[in-house]
Each structure stands twice: as structure tokens, then as C-alpha cells.
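Chain R is fixed; fit chain L onto it per the hints.
Given next are the chains, with one letter for each unit.
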Amino acid sequence: MTALLQVEGVSMRFGGLMAVDNVSFTMEPGEILALIGPNGAGKTTVFNCISGFYRPSAGQIHLAGQRTDREPSHLIARRGLVRTFQNIRLFDNMTVLENLLVAQHSRLDTNLWTGLVRAPGYRARMKAALARAAHWLEVVDLAAVADREASTLAYGQRRRLEIARCMVQEPRLLLLDEPAAGLNPRETAELDALIVDLRNQHGVSVLLIEHDMHLVMGVSDRIVVLDQGRVIATGQPEQVRRDPAVIKAYLGEA
Amino acid sequence: MGARVLDAAGWALIALLLAMPLMGLRLQPAGMGLTVQGAWQPVATVAVLVLVFRLAQLSLLPMLARFSLPTPRAQLAQIGRHPLALAVLLAAAAAWPFFASRGAVDLATLALIYVMLGLGLNIVVGLAGLLDLGYVAFYAIGAYGFALLAEHAGIGFWLALPLCGLLAAIAGVLLGFPVLRLRGDYLAIVTLGFGEIIYLLLNNLDALTGGPNGIGGIPRPTLFGLEFASRAEGPTFHEFFGISFNSSHRIIFLYLLALLLVVITLAVIRRLRMMPIGRAWEALREDEIACRALGLNPTSIKLSAFALGATFAGFAGCFFAARQGFISPESFTFHESAIILVIVILGGMGSQAGIVLAAVFMTLLPELAREFDQYRMLLFGLGMVLMMIWRPQGLLPARRPRLELA
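From first to last, the protein sequence lines are chains R and L. Each residue of the first sequence is one higher than the one before, starting from 1 at the first, in the working numbering. Each residue of the second sequence is one higher than the one before, starting from 1001 at the first, in the working numbering.
If you are wondering where the hints come from, they were derived from the structure by calculation, not from laboratory data. As the structure is a computational prediction, the values presented were derived from the model and not from experiment. Hints are not guaranteed to be accurate.
Unchecked claim - Distance ranges between label pairs, derived from CB positions:
{"#": "1", "chain 1": "R", "residue 1": "Arg148", "chain 2": "L", "residue 2": "Leu1368", "range": "35 to 43 Å"}
{"#": "2", "chain 1": "L", "residue 1": "Phe1177", "chain 2": "R", "residue 2": "Arg148", "range": "50 to 58 Å"}
{"#": "3", "chain 1": "R", "residue 1": "Ala143", "chain 2": "L", "residue 2": "Gly1184", "range": "33 to 41 Å"}
{"#": "4", "chain 1": "L", "residue 1": "Arg1399", "chain 2": "R", "residue 2": "Gln86", "range": "30 to 38 Å"}
{"#": "5", "chain 1": "L", "residue 1": "Phe1177", "chain 2": "R", "residue 2": "Glu8", "range": "34 to 42 Å"}
{"#": "6", "chain 1": "R", "residue 1": "Arg148", "chain 2": "L", "residue 2": "Pro1162", "range": "37 to 45 Å"}
{"#": "7", "chain 1": "R", "residue 1": "Glu170", "chain 2": "L", "residue 2": "Arg1391", "range": "41 to 49 Å"}
{"#": "8", "chain 1": "L", "residue 1": "Gln1393", "chain 2": "R", "residue 2": "Pro120", "range": "36 to 44 Å"}
{"#": "9", "chain 1": "L", "residue 1": "Gln1057", "chain 2": "R", "residue 2": "Asn39", "range": "41 to 49 Å"}
Claimed, not checked - To list a few chain L residues with every Cβ distance to chain R over 10 Å, as calculated:
{"#": "10", "residue": "His1082"}
{"#": "11", "residue": "Ala1093"}
{"#": "12", "residue": "Arg1181"}
{"#": "13", "residue": "Cys1291"}
{"#": "14", "residue": "Arg1292"}
{"#": "15", "residue": "Leu1296"}
{"#": "16", "residue": "Leu1386"}
{"#": "17", "residue": "Leu1403"}
Using N, Cα and C, we set each Cβ at its ideal position, and we do this for glycine too.
If we strip away everything but chain L, and leave its shape as in the complex, we get:
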């Protein structure tokens, strides 16, 4: 105890010394001139605050760390392994929008977009161990890819979807080449820069991207050519089925479409993990030198991780543009990259179920805590700190896929 008080007192003393010249002197008007007066109150306040903070940090944090969250992996992770449970879960997710409110369905669609982004980034960060802080760039490339394809070439959503994935994959390889030799912090900085470059390009290439005004009038997805609008040039959904027009049809359709995309993403990545390429990503994360000694080419493996991770962001971006109908650079700031990265870390690096959970959590939380709008980032930071103390491995830590010996 004594050592802690001494430590905290030391901190307070340093704070005192720092605060004195900064806050302890005040100019007072005296007649025609100014005099300098000492102001002890703010200085003392700072010192006391630092003392209390340090004491709390020293005595509370170890206590906090002693608590441990229950481990839900045993039960929750099992769900993914039972086909029946999975089918029931999926059916419930598909039926839910017909009973829920319009706003809730719309929010859920957004959550599903984040699930896709989280799963895609997980390939790069969670599996291949390459820290990518500019992932939102690929999301932007997907979204702007579709917007521009629709505007200039009149391409619809369904054709644009694979094209956007391809476009993002190419961008992933282009980013991958120059950064192949980098690792860890250095890689993070370069990818951060890449994200900013794309953002600045979108904001300033007025002729192509419309600059800060963005691009509007992006066509909505159609169901086998049926449009979700009250009136349209082509056949519309409600006319074809002979029901009255209801604007929530489109919301539900978009939700189901997002659900479909997420299910495909989950299935593809799950299989990728069992494939040689998935194992190679993880091996590369574990030990690059051992990989080289075993005949694995680190260059092509890293590039494939960048490209495939980017592909899913491209799909998500394309869907995002189609859902919004309007996109602007403001949707693709660093903040988005940070959120997606948090989803991956919160969910548990490499864990699919954890990422779904974290993405839903990260989308719902700001909505549920609307009153605390001002403090959102503060709460967010606090949450991350507590998370790192209690569960550094994430909500649902990744489990190794089981292999049957032949």
C-alpha cells in the first residue's frame, strides 16, 4: 500500500511541476498594466486529480483483472457445428423482418454490412496477421465502383456485384505489392495512408466522383428484374404479385439480400479456412521464416490474403451503394476502418461467430445509447480497455477446425 501511495505521490509531484508554469500563473489587469499573480487552485486540483487517478489505477486495475467473464465458447461455438441449429437460426433470421419494425430491419441491414466487412478484414488481420488500418478503402472502391458503373455504363446491381469484388481485389493486390516487405507497425502506417489516399481522391476528383457532393441516383437492386418502387419503367414487384405497394417491401428485400450475402461470405470463408490457402495464411501469421523453409511463397500468400479480404469489402461496398442510393466520401473515413477493426478484435481474431456477434453489438450499441451521444467515443474507449483486461482473446475466441485423420 505504501509503495502505491508513494508512486501516486510521485505522479502528483510531476503533475504539480508541469501545471505550475502552465496553469499557476495568471495575468491580472492592474491599472494601466498587467501583473502576474499566482493561482494555486487549478494547480492543486490537477495534482489531486492525478493522485486519485494513479491510486485508482494501481489498486483497482489488478482487482478488475481478477474477475473473469464466463466462457461462452463451449455453448455458443457449438451452434455453428450443428446443421439443424444453424438452419433454425437462419430461418429465424430470414423470418424476423416480416414481424419487426421498419427501422429495426433497416438497422439490421446495416449490421449485416458490418458483418461482411468484419469477416473480410478478419482474413487479413485475424488469419494472415497483417494489420490493415485502411480497409475502408476497399469498401469505398466497391461502393464507388458500382455508382460509377451504373452512371456511365448503366450496369445493374447483379452484374456490378462481382465486378466490384474484382475491382477491390485488384486494388488489394496493388496495395499488397509495395507493402509486402513491411510488417506490424510499418504495414499499419502504410495501409492507413492508403485509406487516406482513397478518401482524398474521392473528395477531390470532382469530375469523376462528384467530390464532397458524392454520387446520387444509384439504382436499387432488383428481384429478377422486378423493381421495388411505386412506379418504374420496368415491371415492379407489387404489380407483378398483384399486391398493393408498400415501401417496407424494399427494406425487407434489402435485408434478405444482405443476409444472403453474409451467409455466402460465412460459408466461403469457413471453407477457405479448411483449404491449403487458409492454413497458409495462419502459418504465415505464426512464423514467416518457417513458412519459407517449408516451400511456401510468402509473397503470393500475402497477396492472396489482401485480395480476398478486399473482395468481400468490394461486395459490401457495392451493396452499401445500392442500399443507400447515394454515396459520399464521408461514409469512408478512417473512423469506419477503426470500427471494422474493433469488430474483428472484439469478436476474437479469427473467430467467425465472434465477428457476427461483435458487428451486431457495434451497430446496435450506438442506437440503443442515443442519449449518450456525446459520450459515445468515451464509452467506446472504456469498453475497449475493459475488454483488453478481461478478454484479450475476444468475445468468442477462434477455435481450430477439426481435421479427421485418413
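Looking at chain R on its own, in the form it has when it is part of the complex:
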């Protein structure tokens, strides 16, 4: 069986800086994998390589057996790999519902003529998209604010909208870049439940970058630890927690 995501020897060099150095790991379908490490370890750079925003200097990335490291980001997204951003990137002047419709762009009928005359096929796909949007608004508890502009939402709501915007595309793999940043403890607990629910109910695999260790230890099946661009440990939460290299990276020389 092929792995869902296969990262093999990926390096990313910015001039003289080796931001990511020979990073390898794999993800199986249905897995929740956390990518952790001190600030500046190269976590977001790995994300950008996987999602096609950077072209790795070396190494290969395969998504469900297909090589993706030379593809533009929008094609990778259409293959079922979608992501959120550390600094939330919503379409602020559009409504919550419109945000969810834009996300389904590649599944809608974008033909100019059928759209202008509102052909039956166009309307059917539009209706399906609205239904999916409505469903996900319920899941992330945003149905009440569907017609509000995204800029008017509270911070926690914005985080949830960004996740919903990924999920309406029914992805295979969801990349979350620090989803708990800026959330209060209650919201973080809800997020914890949501991530597990996404995997259990909706069959999506999740790769997440997170600093909140409580969340990471709670939801992750496995953890990959990065430090200075290299993988220093991989394993189950309990293993990683006791790994001397990890403790050293986080706390410095004892």
C-alpha cells in the first residue's frame, strides 16, 4: 500500500541558509501527524514545500504515489492537499458563505455560457456546493454568521472558518499551520475535538504544526520533531516526549 504522503530527503536552501535539511517522513491514510520544533526549526518551510509554495532545492514529495514537488500549488490543492496559514488568510471582504464557495471553485461549473444562462447542470453543481457549505458551517458552528463579512468575525471563528474552507473541498490531507495559536483554552479543547472528528468522521488525514504541547500530545498518532532544519526524532507522543535529543532541543543543554 502506498503512503498518503511521502517526503524524501527534502532540502530547502535560501541563499546561504539551509532552512530545511534532508527531511524525510511518511504519512499513512487516516493518520494525524504533528510537526513540532522550536521557533525557526523550518516547520512552515516544510509546509510550503509540501503545498507547492516553495520548490524544494533537493528531494522528492509524493502524494498518494504521485510526485508533486514540481507542481504549482493550485494543482496540488486540486489533488486533495489543502492547507491553512499561520496568519489566517481569509477573503476578508467576502461573506463567510462566499469564502466557502470560492474554495469549491474547481468543483463548480466555471463555464461562462452555462453560467450566464444558468443551465441545469450549472445550477445542480451550485446547489451541491451550497449544501456542502451549509453542512460545514454547521460542523464548525458558523451557520449563524453565514452572511457576515469574514472581517467581522471573532478570532476563534476566523480559525474555524479557515478549517471549514479547507474541508468543503473534501481533501485527503489537511495541513494545519498552528491552528491553536491565539485561541483560549476552551477554544483549544474544541479544536482538539474537531481535529479528531475530522479524521474519524470525515476520513481526512491531518498534518499539523503546533506549539501547544497539550493539543499535540492529545491528538497526534505520531510526531516528527524538527530542529534547525533536521528531523531529530520521529515516533509516538510518549516516545518523543522522553527522547533526550528532543528535550535538549527544547530546553537547551541540561
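Below, chain L alone, put in the same frame as chain R:
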């Protein structure tokens, strides 16, 4: 207050220092030679003017900003949502030329052309957020497209109309390709250059475009083959209906034709905004990186905005050529691009009703203020400054189309 005076005094001092060598020395003939004399009057005048200007700017502008214009969006924007109100408005607009003077109808036709141009540019600037300073080039391509098609291929207005739209769309894609990677200021400069290139080509390709002399004898639009002329080879309008010839028939016909084109444009763009492509334009304006992460291809979306925006300019250009009967490069200068851009900004980026209002305003104002001809650009600039202080979002800010959840 003291801080403001000090600030203004600083400005005056700088003005004084700058003015001294420039204006403060004067050559005086003295016998056979020249002597240099100090001239304190102009220097002092400049310093005082700068002082007063700066003081006014510091104390008046914040006061001006405190006023706010009433918000008409609630009432005016509602009109577009009631089919009955819309029908009444349309009927009034269609009936009006039969009662108005010939000059007024002609002017209204021009206003309608600007409405079309404004709506078309709004796709590119207002919706897709791509600053295009050379939009007039597509207008020119439409106009010259029709003139040349009529001259060399004998094609009439009705067939030329879609062809001109297509031609402009192709030009839009051709411009779009090289500028895809550019954004903001850089894009503005390249599009500005594109507009100038087209203008220079029209002016200098004498063999094809007639250069500065332009092209004349462009055929007028016909009503199902009926011509609006006192005498013609084919059947004429007044003979067919058995009425006496009246030259204002053609003026009214052109107005109604322009009205029809504008209504079609409004309806098409309104629907486009509700379609995936329209939302994609706006999403691209909001955040290109997020678009890519969601599987939207920025290249094709930008190209479609350029192409569709240009199409409407092509239609407008074709109609313009048919209305004038004569075109020359002077109708397609940068000034026109600027006017169209002002219409989009004045109307409220992305707002259809606002653009109609702004286009009418921008066409009527110079006519109403004929006596101030010399100061037109001055008033125009002042208007823009006040607009940016009071209503940066435009006369009628855009409203989001409502969507019903399934």
C-alpha cells in the same frame, strides 16, 4: 495650535530658502553691463503663501474630515433589487429621448458609452483588483476594429459588434500574458505603456489607420436593415414607416441602442458576479496566496478578468465609431483612461449602480460647467481630493450579493 504654527513656519522657511536663489535675485541693466539686485517681494510672497497654505491644510482638513456625507446606499441600492422599480426606471429612460432636446439625447448617449466603459473597467479594477491605466486601448481597438472591418470587408455594425468584442478580448489576453506576474504599481505602469503603444500605433500607422487624420465614413447602425438617412441605397427608416425624415430619429435610435447595450452589460456583469468566475476575481483581489492554496489558478482568473473587461470596451468602441462616423487617435488618449478610472473609483469600486451614477455625473459636469472650461481640471482635482476625504469608498459602495443557503 502652537505646534501647527511652528510646523507651518518651518514650511515657510524652507520655501524662503528655496525661493531666494530662484526668485530673489534679479538682473538689472546698469549702463553697459548688468548688476545683480535682490528682489525681496516675490520671495516674501511665496513664503507667506506657503505659510497660509500649510496652516489651512493643518487646521481645515481635519475639520472637513469630520463631516460625513449622508449614506444613500440604503435607499438607492434598494432600487436595483426591486424588479418593478427597475422596470419603471428603464421605461422612463427609454421614453425620455422623445421629450428631450436633441443635444441632451446626444449627450446622454455619450454618458451611456462611459457607463459601459466604467462597468467594463470595473471588472478589472474593482472586482479583480488589477490596476489598469491603459483601458482606453481596448476601446480604441473596438472602434478601429469596426472602422477597418467596415472599410475593407464591408461589414455592418451588427456583425462587427461581436467581432470587436472578440478582438478586444484577444488583445486583453495578449496584454494579460506578459503582465501576469506584476501587481499594483508595476502593473499600472505596464498597462499605461500598453495604452500609449496603441495610441502611437494608431497615430503613426498611416497606411492602415490614416494616422492623425483618422478614419471617416464609418457606416451607421441600421434597424433591421433600415437606414437612418434622408436618402440611401437601401430602404430608409422614414420611408418604411411612411413618416417624414427627421434627423433626430437617428439620435434617438442611437440613444436607445446605447441604452440596450448598457442594460445587457449590467445584466451580464451582475450575473458574472454571482458566478464562480466573479467570486474568483474578488477572491484573487483579496488574497492571491489563499487562492492558490484553494486550487484556484491565478493565471487563468487574471486573464479572464482582462479579457472580459476588454470585451465590454470593445463593444463600447464599436458603438462609439458607429455613432461618430469618424474616429481619430485623439479620442483614445490617456485622458480617457483616467476619466474611466475616475468613474470606477468615484462610483465605488465594484458597485454597479455607483458606476452608472458616476459616469452620468462625469459626462454632465463638464457640459454644465462650460463657463469654467479653463478650470475644469482644477475643479476635477479638487473634487477627487474631497471625495477621498469624505467618501473613499465611492458614491455608492458595493454591496455583497446575497446568497441563499440551500
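Right, here's what the structure says about each hint:
1. Arg148(R) with Leu1368(L): 35 to 43 Å: holds, 42 Å
2. Phe1177(L) with Arg148(R): 50 to 58 Å: violated, 38 Å
3. Ala143(R) with Gly1184(L): 33 to 41 Å: holds, 37 Å
4. Arg1399(L) with Gln86(R): 30 to 38 Å: The hinted range 30 to 38 Å holds for Arg1399(L) and Gln86(R), with Cβ atoms some 32 Å apart.
5. Phe1177(L) with Glu8(R): 34 to 42 Å: Hint holds: Cβ distance 36 Å, inside 34 to 42 Å.
6. Arg148(R) with Pro1162(L): 37 to 45 Å: Since Arg148(R) and Pro1162(L) have Cβ atoms about 41 Å apart, the given range 37 to 45 Å holds.
7. Glu170(R) with Arg1391(L): 41 to 49 Å: holds, 43 Å
8. Gln1393(L) with Pro120(R): 36 to 44 Å: At 38 Å between Cβs, range holds.
9. Gln1057(L) with Asn39(R): 41 to 49 Å: At 46 Å between Cβs, range holds.
10. His1082: At about 20 Å from chain R, His1082(L) clears the 10 Å cut-off, so the statement holds.
11. Ala1093: Non-interface label on Ala1093(L) holds, nearest chain R Cβ at 23 Å vs cutoff 10 Å.
12. Arg1181: Non-interface label on Arg1181(L) holds, nearest chain R Cβ at 13 Å vs cutoff 10 Å.
13. Cys1291: Since the minimum Cβ distance to chain R is about 8 Å, Cys1291(L) lies within 10 Å and the statement is violated.
14. Arg1292: Violated, since 4 Å does not exceed 10 Å.
15. Leu1296: Not fine: 5 Å to the nearest Cβ puts Leu1296(L) too close to chain R.
16. Leu1386: holds, 25 Å
17. Leu1403: At roughly 5 Å from the nearest Cβ of chain R, Leu1403(L) sits no farther out than 10 Å, so the non-interface label is violated.
When the structure is compared with the earlier hints, violations turn up for hints 2, 13, 14, 15, 17 and for no others.
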